[in-house]
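With chain G held as given, fit chain Z onto it using these hints.
This is what each chain is made of:
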Amino acid sequence: DAGVIQSPRHEVTEMGQEVTLRCKPISGHDYLFWYRQTMMRGLELLIYFNNNVPIDDSGMPEDRFSAKMPNASFSTLKIQPSEPRDSAVYFCASSAIRGGMNTGELFFGEGSRLTVL
Amino acid sequence: QQPVQSPQAVILREGEDAVINCSSSKALYSVHWYRQKHGEAPVFLMILLKGGEQKGHDKISASFNEKKQQSSLYLTASQLSYSGTYFCGTGGISSGSARQLTFGSGTQLTVLP
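Those protein sequence lines, which keep their order, are chains G and Z.
Numbering-wise (our numbering), the first sequence opens with residue 952 and increments by one.
Numbering-wise (our numbering), the second sequence opens with residue 44 and increments by one.
If we strip away everything but chain G, and leave its shape as in the complex, we get (with noise of 0.2 Å):
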């Protein structure tokens, strides 16, 4: 079965420029989850989603982030202006949780590094 997929894997844009990171989880999971590492802060959870709904958005930094899950096979997290501080890895991950039979286990994607210059 082929895993959770992110692209772009790298990223080199100016600053003021518009990111768009995209998700694809894997199918049957109902749990999409967006991350930022940085050596600074490590793993942050910005977004996640269960079913294609928002549920927790209080992690992202800034209304300059965004995120969208149209279906439950796709998802972005766009970032309008960027900044250099936003340089990071950004982890896409999917989970199937439901109920109390399920190990809770994140599934992450490769990752997309971003650099903003």
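Worth flagging that the hints you see were computed from the coordinates, not collected in a lab.
From a predicted model like this one, the values you see are computed outputs, not experimental measurements.
It cannot be assumed that every hint is accurate.
Chain Z residues, not near chain G, derived (Cβ > 10 Å throughout) [said to hold, decoys possible]:
#, residue
1, Glu-59
2, Ser-106
3, Lys-111
4, Leu-123
5, Thr-153
Here are some of the chain Z residues that sit facing chain G, going by a computed Cβ distance under 7 Å [said to hold, decoys possible]:
#, residue
6, Ala-84
7, Pro-85
8, Phe-87
9, Ile-90
10, Phe-146
Simulated restraints, written as ranges between beta carbons of each label pair [stated by the list, open to error]:
#, chain 1, residue 1, chain 2, residue 2, range
11, Z, Leu-155, G, Asp-1014, 45 to 55 Å
12, Z, Ala-70, G, Pro-1005, 18 to 28 Å
13, G, Asn-1022, Z, Ile-54, 42 to 52 Å
14, Z, Gly-58, G, Lys-1029, 23 to 33 Å
15, G, Pro-1012, Z, Ala-120, 38 to 48 Å
Beta carbons are placed, not taken as given, at the ideal position from N, Cα and C, and that holds for glycine.
This is chain Z only, laid out in the frame that chain G set:
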């Protein structure tokens, strides 16, 4: 609130044992452990749901003391493949849910031949 991991880094020789600790100031329902190799995605190791529960994964096991709000990861007879950064993730609600999972800052483990 982010759980606190200790030590921040550890270096050991192949075959030696190591312990990584994770503690939280908040009441815990579950503790998740992940390992991340350099340049790769975090990979799930195990989840502990009940106080005092111990789980194992190959020669890696973990304990969870709900009262003390602590978890420890035990690596026995370490192998070169164990090298990586270990993260604990703590959840405050529901049954093992990854909702509101907060990760510690990680422990970098290096196993030398």
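Hints and how they fare:
Annotated as non-interface, Glu-59 of chain Z keeps its C-beta farther than 10 Å from every C-beta of chain G; the closest such distance is 26 Å. The Cβ of Ser-106 of chain Z lies farther than 10 Å from every Cβ of chain G, with a closest approach of about 17 Å, so its non-interface assignment holds. Lys-111 of chain Z, annotated as away from the interface, keeps every beta carbon of chain G farther than 10 Å; the closest lies near 22 Å. A cut-off of 10 Å between C-beta atoms confirms that Leu-123 of chain Z is not in contact with chain G; the least separation is 22 Å.
The claim that Thr-153 of chain Z is not at the interface with chain G holds, since no C-beta of that chain comes within 10 Å of its own (minimum 17 Å). Given the 7 Å rule on beta carbons, the hint for Ala-84 of chain Z holds: about 4 Å separates it from the nearest Cβ of chain G. Annotation: interface hint on Pro-85 of chain Z holds; nearest CB of chain G at approximately 5 Å, less than 7 Å. Proximity of Phe-87 of chain Z to chain G holds as hinted, the smallest CB-CB distance being about 4 Å (cut-off 7 Å).
Hint status for Ile-90 of chain Z: holds, given a least beta-carbon distance of 5 Å to chain G, under 7 Å. Checking Phe-146 of chain Z against chain G by beta carbon gives a least distance of about 4 Å; that is within 7 Å, so the hint holds. Hint check: Leu-155 of chain Z to Asp-1014 of chain G, Cβ distance near 47 Å, so the stated range 45 to 55 Å holds. Separated by about 26 Å at the C-beta atoms, Ala-70 of chain Z and Pro-1005 of chain G satisfy the suggested range of 18 to 28 Å.
Checked against the hint of 42 to 52 Å, the pair Asn-1022 of chain G and Ile-54 of chain Z passes, with Cβ atoms roughly 46 Å apart. Judged by the Cβ atoms, the range 23 to 33 Å given for Gly-58 of chain Z and Lys-1029 of chain G is violated: they are separated by roughly 48 Å. Checking the proposed 38 to 48 Å range against Pro-1012 of chain G and Ala-120 of chain Z shows it holds: the Cβ atoms sit about 42 Å from each other.
Hint 14 from the earlier list is the only one contradicted by this structure; the remaining hints agree with it.
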